[in-house]
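Number of protein chains: 2
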Amino acid sequence: MDFAAMKPADLRGLIRKGELTGPTTGMCNGYAQGNLVVLPKALAWDFLLFCQRNPKACPLLEVADAGERTFAQFGKGSDVATDIPRYRVYEHGELTGEYTDVSKFFEERNDLVSFLIGCSFSFESELLEAGIPVRQIEEGVNVPMYNTNIPCTPAGVFSGNMVVSMRPIPYRQVPAAAAITAGMPRVHGMPVQIGEPEAIGIHDLAHPDYGDAVTINPGETPVFWPCGVTPQNVVMHSKPEFCITHAPGHMFVTDVKNVELKY
Amino acid sequence: MDFAAMKPADLRGLIRKGELTGPTTGMCNGYAQGNLVVLPKALAWDFLLFCQRNPKACPLLEVADAGERTFAQFGKGSDVATDIPRYRVYEHGELTGEYTDVSKFFEERNDLVSFLIGCSFSFESELLEAGIPVRQIEEGVNVPMYNTNIPCTPAGVFSGNMVVSMRPIPYRQVPAAAAITAGMPRVHGMPVQIGEPEAIGIHDLAHPDYGDAVTINPGETPVFWPCGVTPQNVVMHSKPEFCITHAPGHMFVTDVKNVELKY
Chain A
1 MDFAAMKPAD LRGLIRKGEL TGPTTGMCNG YAQGNLVVLP KALAWDFLLF
51 CQRNPKACPL LEVADAGERT FAQFGKGSDV ATDIPRYRVY EHGELTGEYT
101 DVSKFFEERN DLVSFLIGCS FSFESELLEA GIPVRQIEEG VNVPMYNTNI
151 PCTPAGVFSG NMVVSMRPIP YRQVPAAAAI TAGMPRVHGM PVQIGEPEAI
201 GIHDLAHPDY GDAVTINPGE TPVFWPCGVT PQNVVMHSKP EFCITHAPGH
251 MFVTDVKNVE LKY
Chain B
264 MDFAAMKPAD LRGLIRKGEL TGPTTGMCNG YAQGNLVVLP KALAWDFLLF
314 CQRNPKACPL LEVADAGERT FAQFGKGSDV ATDIPRYRVY EHGELTGEYT
364 DVSKFFEERN DLVSFLIGCS FSFESELLEA GIPVRQIEEG VNVPMYNTNI
414 PCTPAGVFSG NMVVSMRPIP YRQVPAAAAI TAGMPRVHGM PVQIGEPEAI
464 GIHDLAHPDY GDAVTINPGE TPVFWPCGVT PQNVVMHSKP EFCITHAPGH
514 MFVTDVKNVE LKY
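So the protein sequences, as listed, match chains A and B. 98 is the number that the working numbering gives to position 98 of the first sequence; each next residue is one higher, with no gaps. Quick note, the working numbering runs 263 ahead of the 1-based positions in the second sequence.
Extracted from the complex, chain A is given alone in its bound form (with noise of 0.2 Å):
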């Protein structure tokens, strides 16, 4: 099947019927992917508020209300609870498993508010149509993540400092990937920090603390952009009772055009 031209729909209903259970790269080109983490209602508003004071590490498409398992502006039809391919619970900060279908978390309670966080997947699409190198997508491997000295802004139990990832650019195309990511708000938006990494408490680019080293040539400048783990680790950071999120790379595809999340 031609994944990459398939519509999101038609995508997230061949993931809940058990038949797509690797990772979303790649897929339903042009389409916006989200990162998606479900947190008691308990815990909601602290988060919701870390995530409105950090809008740049955090960039929330969407919150369905408590006990609702659809994404009705970003995925018209969608169950947050099984049109992911997989997902990951965590009890106390501990991770307790890997599911394919996480509805009986659903149903078991129905205190869960499920938030979509925008993704540098969309940001990357548009770098690469204006033929800007996407150096973790030519190795095929993870992008490079480091965490910085940049605090977020607290909100009640949540607080961390900003994770950025990292993609080296070449000289001449440094202010234009600045200008393009800096249009794109919603999904991270640009840089935080350009060719400086010890300005930001990154002493070492050749050991990331999460995700996989890339090449830096000769000619090429680190650009470092506010990452959607910051949110994950602070939340992972605070142990709360219960979160789902998505595993890694295994993403909620919206029907949302990555164009569309630049106004």
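Be aware that one or more of the hints could be misleading.
What the hints assert, rightly or not - With a cut-off of at most 27 Å between alpha-carbon atoms, the simulated DSSO-like pairs for lysine-lysine come out as follows:
id, chain 1, residue 1, chain 2, residue 2
1, B, Lys319, A, Lys56
2, B, Lys525, A, Lys56
3, B, Lys304, A, Lys41
4, B, Lys319, A, Lys41
5, A, Lys262, A, Lys56
Bear in mind the hints are in silico, worked out from the structure with no lab data behind them.
Use these hints to put chain B onto chain A, whose structure you have.
Showing chain B alone in chain A's frame:
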């Protein structure tokens, strides 16, 4: 005193001392001004969700913790209860008083959550910079605002249709007006309608639902933007037990420049 050239913190200081109780239009040139909505914590989740789901009509700039009286990100050292020249207090949807200081309400109850919402003053200053006329400023009246048939996405107790503001723009400048405001999604963003008011349920431009009618000259197109009256309208419609807002035109002056709201 030259209010236009004043720094926001200094202006807020004057307001706090009761030395300035009039509208803030034209003050602290270049700095963003914001709308205030204060609600009890019990309603705050629904309202935060409503704003998240309707970012064009309700562009949330900052939300204070329950009981907190400062907007730490947009007004360092500010006091929400004293730094706006004039407030309105509503109980069960009825206006019960106008005040220049609402400290006593924050002292009587510790569950109040303050929301700061972006305002079209910010994009108007960008339009003027680009040589695009803003008619209601030229005519010294309030911007005309209209109820529409565009439904907002509901959240909990809050629902209703979008309210829009209208500015007549010379034909040749309409595309630039759309592009400039599209670049400021944190303060209402691009227009929702250009030139066809009937399409959004507006039948008589000469009689706006709020504000004042303005002249539309030959060669000008009426352009409609999402309006910050939407959240106030939606809140009032739900008749909340208690609510504080700014009085029209009497805004919270932030430390953040309009141009910073582009990113």
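Verification of the supplied hints:
A hinted pair counts as satisfied when its Cα atoms are at most 27 Å apart, and lysine 319 of chain B with lysine 56 of chain A qualifies at roughly 18 Å. Of the supplied pair hints, the one linking lysine 525 of chain B and lysine 56 of chain A holds, its CA atoms being roughly 13 Å apart against a limit of 27 Å. Between lysine 304 of chain B and lysine 41 of chain A, the direct Cα distance comes to roughly 14 Å. Compliance with the 27 Å bound is thereby established for this hinted pair. At roughly 26 Å between alpha-carbon atoms, lysine 319 of chain B and lysine 41 of chain A fall within 27 Å of each other, so this suggested pair holds.
The hinted pair formed by lysine 262 of chain A and lysine 56 of chain A meets the criterion: a straight-line CA distance of about 14 Å does not exceed 27 Å.
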